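Asks: Here are the chains, one letter per residue:
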Amino acid sequence: MTDRAADAAGAADATEAWEPSALELERRLTRKRASRRSVLIALVSTVAFAAIAGWLVLSSPGWADVQQAFFNPEVAKDSFPKILEGLWLNIRVLFFATIAVAVVATLLAVMRSLRGPVWFPLRALATGYTDLFRGLPVLIVLYLVGFGIPALNPENRISVAVLGTIGITLCYSAYVAEVLRAGMEAVHPSQRIAARSLGLSHAKTLRLVVIPQALRKVVPALMNDFVSMQKDVGLISVLGAVDAVRAAQIATASTYNFTPYVVAGLLFVAMSFPMIRLTDHVSARMAKREQIGGTV
Amino acid sequence: MSVLELHGVHKLFGDNHVLKGVDLDVDEHEVVVVIGASGSGKSTLMRTINLIERVDDGRILLSGDDITDPAVDVDKVRARIGVVFQHFNLFPHMRVIDNVTLAARKVHGTPADVARDRAVGLLEKFGLGEKVEDYPDRLSGGQQQRVAIVRAILTDPELLLLDEITSALDPMLVGEVLDLVRDLKAQGSTMLMATHEMSFARSVADRIVFMHGGRPLEVGTPEQIFGDPQHPETREFLARITHR
Numbered sequence: 000m001t002d003r004a005a006d007a008a009g010a011a012d013a014t015e016a017w018e019p020s021a022l023e024l025e026r027r028l029t030r031k032r033a034s035r036r037s038v039l040i041a042l043v044s045t046v047a048f049a050a051i052a053g054w055l056v057l058s059s060p061g062w063a064d065v066q067q068a069f070f071n072p073e074v075a076k077d078s079f080p081k082i083l084e085g086l087w088l089n090i091r092v093l094f095f096a097t098i099a100v101a102v103v104a105t106l107l108a109v110m111r112s113l114r115g116p117v118w119f120p121l122r123a124l125a126t127g128y129t130d131l132f133r134g135l136p137v138l139i140v141l142y143l144v145g146f147g148i149p150a151l152n153p154e155n156r157i158s159v160a161v162l163g164t165i166g167i168t169l170c171y172s173a174y175v176a177e178v179l180r181a182g183m184e185a186v187h188p189s190q191r192i193a194a195r196s197l198g199l200s201h202a203k204t205l206r207l208v209v210i211p212q213a214l215r216k217v218v219p220a221l222m223n224d225f226v227s228m229q230k231d232v233g234l235i236s237v238l239g240a241v242d243a244v245r246a247a248q249i250a251t252a253s254t255y256n257f258t259p260y261v262v263a264g265l266l267f268v269a270m271s272f273p274m275i276r277l278t279d280h281v282s283a284r285m286a287k288r289e290q291i292g293g294t295v
Numbered sequence: 000m001s002v003l004e005l006h007g008v009h010k011l012f013g014d015n016h017v018l019k020g021v022d023l024d025v026d027e028h029e030v031v032v033v034i035g036a037s038g039s040g041k042s043t044l045m046r047t048i049n050l051i052e053r054v055d056d057g058r059i060l061l062s063g064d065d066i067t068d069p070a071v072d073v074d075k076v077r078a079r080i081g082v083v084f085q086h087f088n089l090f091p092h093m094r095v096i097d098n099v100t101l102a103a104r105k106v107h108g109t110p111a112d113v114a115r116d117r118a119v120g121l122l123e124k125f126g127l128g129e130k131v132e133d134y135p136d137r138l139s140g141g142q143q144q145r146v147a148i149v150r151a152i153l154t155d156p157e158l159l160l161l162d163e164i165t166s167a168l169d170p171m172l173v174g175e176v177l178d179l180v181r182d183l184k185a186q187g188s189t190m191l192m193a194t195h196e197m198s199f200a201r202s203v204a205d206r207i208v209f210m211h212g213g214r215p216l217e218v219g220t221p222e223q224i225f226g227d228p229q230h231p232e233t234r235e236f237l238a239r240i241t242h243r
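Sequences listed follow chains V and H, in order.
The first sequence begins at 0 in numbering that gives the first Met the number 0 and counts up one residue at a time.
The second sequence begins at 0 in numbering that gives the first Met the number 0 and counts up one residue at a time.
Incorrect hints may have been included.
To be verified - One-sided excerpt, in silico: chain V residues whose CB lies under 10 Å from chain H:
hint, residue
1, 17
2, 18
3, 19
4, 20
5, 26
6, 29
7, 30
8, 33
9, 64
10, 133
Stated by the list, open to error - Reference listing, derived: stretches of chain H covered by chain V, where coverage requires no fewer than 3 residues with Cβ under 8 Å from a Cβ of chain V:
hint, region
11, 60-72
12, 225-237
Said to hold, decoys possible - SDA-like cross-link-like pairs, simulated, lysine to any residue; straight-line CA separation at most 25 Å:
hint, chain 1, residue 1, chain 2, residue 2
13, V, 31, H, 75
14, H, 184, H, 72
15, V, 230, V, 204
16, H, 75, V, 72
17, H, 19, V, 19
18, V, 230, V, 79
19, H, 19, V, 27
20, V, 287, H, 96
21, V, 287, H, 37
22, H, 75, V, 34
23, H, 19, V, 25
24, H, 75, H, 22
Source of the hints: derived by calculation from the structure; they are not laboratory data.
None of the values given here were measured: they were computed from a predicted structure.
Note that beta-carbon positions come from the ideal geometry of N, C-alpha and C, so glycine has one too.
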């Protein structure tokens, strides 16, 4: 029984430096081998899958035409600078819309959480707003804002980028407000009671105790909404703003080739990729913290 | 034969060496009670046995099978062990009867009516006959914990782990839970339990294990541990906990 001997030796000098026993080293080796095998299987199955998918596409009768129309390197190279310039507009719209959404959505969420009959009009307004704008397609909101507001005052033209930002903000505030409200309601009532017992007012309770905890709970959901907004800023092209999508459309119209759309699409994916990975990372870290360790 | 054997079990959380070579065995029909200060490794010990935490060294045998072998099916091992938690952990969206029969129906493949009959029998025996169709939030803490115990024993586990099962209970409700544990002992259940209830430990335990610094420092019958503790650490712990 060499294992027993190793165990006993391990127990004897445990208070000093502990060295893994032969048994444990053997076990680690077994686990390592198992995980290496899993990686190998994953690798083989991925390569096989890619090969089959690739073969199916490349062997289809129309592939040569499709490649010419959608994946033309010449057209991609020529249209790239304009599309990138357009994407810069998307990024600026995204930046300002994010700030506006944060402010409006927080206000809406707080309005919906107000208690007492005096606040009924505000509460009703906030409820009506979120009901309306969560139901309306973004495209329709953009049309209404983009062509409706300028018609109110034909003398002063507001830039379409600004109108687009307003449209996006209107839609996304409604979604984000609901996420925030759900987070605020998920904070345990005993937290409010504790805060009010300390003499904090309703407003201070919300600001100092409830909202910080609510935010922590809804971070993954908010980041998901942000990723969604990152691509929806491409919709402002319908107003005539020369963003990445519009630039691709212009390039397509002049070359009769769809490659610029593919370029714009890849740029949008590249823009959202860091945020998507970050969202996954944050969600995983929160899950880990809540599970208090253990392999369940 | 021993139901449970631990040989030189180590567990580390980062630099924190929680279990430093634990040797322990529990015989069939034996009740072993683990006592010790918070942070002495009682809960971690329980969690390693249920394979919630993977040991960093040593071996754990359940009825002779090495359950720390990497090739072992974790779910199969857990199905052989019953666990009762400090905070009951009943499923709030299921009625008492569904909580209790879940493992029998979904893991062990017992026909629903057989599991139900057995569950109702046990619940009635432990004074919970009225609560069969209720949801857990309608029950007191003591009732919830008794339901949790019935849930753990319904599938006749080889070993029952009880981790500070009265620590979250109102003092008034502790008695009804401990009476149930006494019944289980009388029926011959094999149990390993961690507790702060010293008088109960004394009356129910066949053997007491005093954990200190991540290791069983002193092991003996309740008479030895409470009547004539050998280590100064044991004496100090007992003095602190009994003169609160």
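Asks: Decide if the proposed pair is consistent with the structure: residue 287(V) and residue 96(H), CA atoms, cutoff 25 Å inclusive.
Replies: Answer violated: residue 287(V) to residue 96(H) is near 32 Å, above 25 Å.
Asks: Can the hint on residue 17(V) be confirmed by a CB-to-CB distance to chain H that is less than 10 Å?
Replies: 6 Å, holds
Asks: Report holds or violated for the interface hint on residue 29(V), using the least CB-CB distance to chain H and a cut-off of 10 Å.
Replies: Hint on residue 29(V): holds, closest Cβ of chain H at ~5 Å, below 10 Å.
Asks: Are there three or more residues in the region 225-237 of chain H whose C-beta lies closer than 8 Å to some C-beta of chain V?
Replies: n = 0 at 8 Å, threshold three: violated.
Asks: Restraint: residue 18(V) near chain H, CB-CB cut 10 Å. Satisfied or not?
Replies: At about 9 Å, which falls below the 10 Å cut-off, the nearest Cβ of chain H leaves the hint on residue 18(V) intact, so it holds.
Asks: Does residue 133(V) hold up as a contact with chain H if the rule is Cβ-Cβ below 10 Å?
Replies: 28 Å, violated
Asks: Between the alpha carbons of residue 184(H) and residue 72(H), is the straight-line distance 25 Å or under?
Replies: 29 Å, violated
Asks: Min Cβ distance, residue 19(V) to chain H: is it shorter than 10 Å?
Replies: Since the shortest Cβ distance to chain H is 6 Å, the answer is holds.
Asks: Is it true that the CA of residue 19(H) sits at most 25 Å from the CA of residue 19(V)?
Replies: Holds: residue 19(H) and residue 19(V) sit about 11 Å apart, inside 25 Å.
Asks: Keeping to a limit of 25 Å between CA atoms, is the pair of residue 19(H) and residue 25(V) held or broken?
Replies: 19 Å, holds
Asks: Keeping to a limit of 25 Å between CA atoms, is the pair of residue 287(V) and residue 37(H) held or broken?
Replies: 23 Å, holds
Asks: Three or more residues of the region 60-72 of chain H near chain V by CB distance under 8 Å?
Replies: holds (count 4)
Violated hints, in rising order: 9, 10, 12, 14, 15, 16, 20; the structure is consistent with all others.
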